[in-house]
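S.K.: Here the sequence shown stands for residues 15 to 299, where the numbers follow the working numbering.
If you're looking for bench data, these hints aren't it; they were derived computationally from the structure.
Check each hint, because a few of them may be wrong.
To be verified - In silico DSS-like links for lysine-lysine, alpha-carbon gap of 27 Å or less:
| no. | residue 1 | residue 2 |
| --- | --- | --- |
| 1 | K149 | K129 |
| 2 | K232 | K270 |
| 3 | K270 | K119 |
| 4 | K178 | K124 |
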Amino acid sequence: MKKSSYKLLDSGDFRKLEEVGGFRISRPSPQAVWSPSAPKSEWDNVDAFYTRFSGGDGKWTVKNKKLPDQWAIDVLDLSIRIRLTDFGHLGIFPEQEPNWDRLGKFIETKIETIKDFRVLNLFAYTGIASLKCAKAGAEVVHVDASKTSVAWAKENAELSGLGKAKTRWIVEDVQKFCARELRRGTKYHGIILDPPSFGRGTNNEVWKIEEHMIPLLKSLESLLADDFAFVLLSSHSTGYTPVALRNLVSQHFRTKGEFVADEMLVPHHANKLMLPSGAFCLLTR
15 MKKSSYKLLD
25 SGDFRKLEEV
35 GGFRISRPSP
45 QAVWSPSAPK
55 SEWDNVDAFY
65 TRFSGGDGKW
75 TVKNKKLPDQ
85 WAIDVLDLSI
95 RIRLTDFGHL
105 GIFPEQEPNW
115 DRLGKFIETK
125 IETIKDFRVL
135 NLFAYTGIAS
145 LKCAKAGAEV
155 VHVDASKTSV
165 AWAKENAELS
175 GLGKAKTRWI
185 VEDVQKFCAR
195 ELRRGTKYHG
205 IILDPPSFGR
215 GTNNEVWKIE
225 EHMIPLLKSL
235 ESLLADDFAF
245 VLLSSHSTGY
255 TPVALRNLVS
265 QHFRTKGEFV
275 ADEMLVPHHA
285 NKLMLPSGAF
295 CLLTR
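Hey, can you work out the whole structure from these sequences and the hints?
M.R.: So this is what it looks like as structure tokens:
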């Protein structure tokens with residue numbers, strides 16, 4: 015298996031210093047409440063850095079004129095397109111890498127006993143989880159309200175040699191899509207969701223995690239097949255700790271199984287520090 019060409023070089027003073035496919039980038043990181051380990055000269059030697067303003071928006075400052083508009087990196091056994099987005103994102107959330115790897119391996123163990131293994135990936139972004147599931151042999155339905163993100167996910171599928179995998183790419187509000195799937199009686203063997211704190215759907219539908227998470231989970235209860243294999247819920251929102259996510263999953267998917275709930279962490283490349291970046295709960299059975 016390839017090693018990821020992403021490295022967290024350092025973090026501190028509410029920022030993180032990253033190497034992404036050979037390019038050095040600095041971005042805000044609210045969880046990095048400690049002091050940096052690397053000297054200031056290392057932090058100054060970047061190809062680009064992102065500044066976030068008080069209103070929530072921000073801008074990139076590109077110091078290296080040779081920095082391309084986009085480039086590809088290896089993530090596990092996939093090839094993923096990187097771009098500097100207006101929101102300060104890159105197209106990957108490296109704290110999810112252990113979950114991507116875990117899901118791929120888990121599906122490989124189940125695919126022979128569950129025919130037509132179907133996975134629903136909600137708020138699916140640029141599709142790395144979708145691609146890991148598809149590569150393991152699952153049929154995947156990838157749903158995101160952002161047309162740009164879904165197009166980006168399709169690019170990643172082509173780059174990773176998965177352009178012909180059994181994947182449906184859906185640009186739609188997650189809540190509306192799930193309501194329609196309920197009417198259809200569609201069933202899934204695995205569900206992945208990483209909901210934002212706030213978002214808008216394709217027709218300006220509003221998503222607020224504190225209002226809409228529980229109704230969504232209630233609808234997902236009815237979308238799971240009797241022989242379902244997993245549910246993965248993750249969050250970067252304040253208050254959604256590992257214990258909180260486990261409580262949500264155990265309350266809405268009442269079944270015997272194995273629960274793993276923990277912080278999502280990104281290890282520093284040069285020392286033993288870890289950068290906390292959200293939480294997850296995985297139910298498998």
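S.K.: What are the numbers of the hints the structure violates, in ascending order?
M.R.: none
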